[in-house]
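**Q** These are the residues of each chain, in order.
Protein chains: 2
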Amino acid sequence: MSATAQLDRSIIESIVRQIVLSQNGSAAKASPQVAGQESKPNLVVSISARHCHLTDEHVEVLFGPGAKLIPEKPLYQDGFYAAEQTVMVVGPRRRMLPTVRVLGPTRPFSQVELAFTDSISLGIDAPVRHSGNIQGTPGCVLVGPKGVVELSEGVIRAARHVHMNNRDAELYGVKNGDFMKLRIESPQSTVVFEDLLVRADATSKLEVHIDTDEGNACYLDGATKVELLKQKDGCKCQH
Amino acid sequence: MSATAQLDRSIIESIVRQIVLSQNGSAAKASPQVAGQESKPNLVVSISARHCHLTDEHVEVLFGPGAKLIPEKPLYQDGFYAAEQTVMVVGPRRRMLPTVRVLGPTRPFSQVELAFTDSISLGIDAPVRHSGNIQGTPGCVLVGPKGVVELSEGVIRAARHVHMNNRDAELYGVKNGDFMKLRIESPQSTVVFEDLLVRADATSKLEVHIDTDEGNACYLDGATKVELLKQKDGCKCQH
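Residue numbers (numbering that gives the first Met the number 0), protein chains in the order written: chain A, 0 to 238; chain B, 0 to 238.
For the record, the hints were derived by calculation from the structure and aren't laboratory data.
Careful, some of the hints might be misleading.
Treat identical chains as interchangeable: a pair holds within one or across any two.
Here are the simulated SDA-like pairs of lysine to any residue, each with C-alpha atoms no more than 20 Å apart in a straight line [claimed, not checked]:
no.	residue 1	residue 2
1	Lys229	Glu184
2	Lys39	Arg92
3	Lys39	Pro126
4	Lys67	Lys224
5	Lys231	Ser185
6	Lys224	Val127
7	Lys229	Pro186
8	Lys224	Glu169
9	Lys39	Lys231
10	Lys229	Gln187
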């Protein structure tokens, strides 16, 4: 089996990696407004494998006139999906990632989200940015079966974040734009991720998005406990 | 350039990734026995890219009768080096990593250390183990220019650890076999790694070893501060 086929397989496998665990105890204690009153909802932690978002126009350039994204697998957030379509991402010096999944629906701008491992492999120095904040980021070339798109910017490492609805935000005592911490307890691989941006709105489901490097660093597949913690409150220690 | 050549290049690049930063303040405060008296030594944090250790016998099988490892690049710990030699690591279902660096000197057993990203790509479910503790771990096939070795066990994800000498250990208030925490502060990617095993002896230099997934998860290359912290002491928060 070729190296290309290996990469392809690992993308497909990793795009569905996700755990759902209940959070016990400690986070609730740190939030006086909910102590002992409402239990925390189950927490979904999802690993986003490398992927891209495309505009309607770029879908047609890459996959042919009139082409639309074809949903293959629904994502946890309602209305979002992994498409059947993939593109090749080409970086400088002719290095490339052969099979990068397209996520739908389409967006007003095209964007490629890589883990650092991917970006090192591709030879692109992808900055850590929140989705949509792509000004001044590196570009790349996207190759589809019917055409090629040259992006002048849009290659990022997506910064870790947590989606939630406003009721969840109230429960945690945070608001949209705040930062939280995510602690993943797993055998010999426990990690606390700081700098987790809260993206709260009226309808999102509670879900953390981390990338494959982060998911592998904390051995998410073997995790025994997850905790969503406020960045500062209740913490008297050196963190 | 082929995908194989890309992987090769990323190994070579990543084998030298390392940062050295001074630790300011907080760790010292947590250790009463050193407060205000001795400052913490500079801390070297090294990313160990995927690599293998070989026995003398396996070096001869893979590279030919009489072959010895040839030092190419010294590692931070005295006497250790990245060898010129690399091997191909083949997993089940004929997936492979074409170029895995051999580290020297030779050892009484052969062992392959992968990040989870590597092990997923290879199709091997590598358990998190400390070096040398390989009983019951998966095996693999090593292919060299002159021969092939089938390992019945020895494929692991190396558990994160910190080398230090006994004087450093005293300074931190820990002993060989204890666990510490490593906090890496970097832009939008700050991480606290728990479960960091202390390997203290008479002569080692102070150095943390993490793997490429961990190094990429915390954006080590962009780190602005590193702290080595005791696992429990001085911590009143929910960690």
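**Q** Evaluate each hint against the coordinates.
**A** Each hint, compared with the structure:
1. In this assembly of identical chains, Lys229 and Glu184 lie within 20 Å of each other by CA distance both inside one copy and across copies; the values are 17 Å within and 17 Å between.
2. Taking the shortest alpha-carbon separations for Lys39 and Arg92, neither the intra-copy value of 49 Å nor the inter-copy value of 42 Å comes in at or below 20 Å.
3. Taking the closest pair of Cα atoms, Lys39 and Pro126 never come within 20 Å of each other, the shortest separation being 33 Å inside a single copy and 31 Å across copies.
4. Taking identical chains as interchangeable, the C-alpha atoms of Lys67 and Lys224 are never at most 20 Å apart, the minima being 40 Å within one chain and 46 Å between chains.
5. Proximity of Lys231 and Ser185 under a CA criterion of 20 Å is satisfied inter-copy only: 17 Å between copies versus 23 Å inside one chain copy.
6. Within a single copy, Lys224 and Val127 get their C-alpha atoms only as close as 27 Å, which misses the 20 Å cut-off; across copies the closest is 17 Å, which meets it.
7. In this assembly of identical chains, the alpha carbons of Lys229 and Pro186 lie at most 20 Å apart only when taken from different copies (18 Å versus 24 Å within one copy).
8. For a Cα distance limit of 20 Å, the shortest separation of Lys224 from Glu169 qualifies neither inside one copy, at 22 Å, nor across copies, at 32 Å.
9. When the C-alpha separation of Lys39 and Lys231 is checked against a cutoff of 20 Å, the pair qualifies only within one copy, where the shortest distance is 19 Å, while the shortest distance between copies is 25 Å.
10. Proximity of Lys229 and Gln187 under a CA criterion of 20 Å is satisfied inter-copy only: 16 Å between copies versus 24 Å inside one chain copy.
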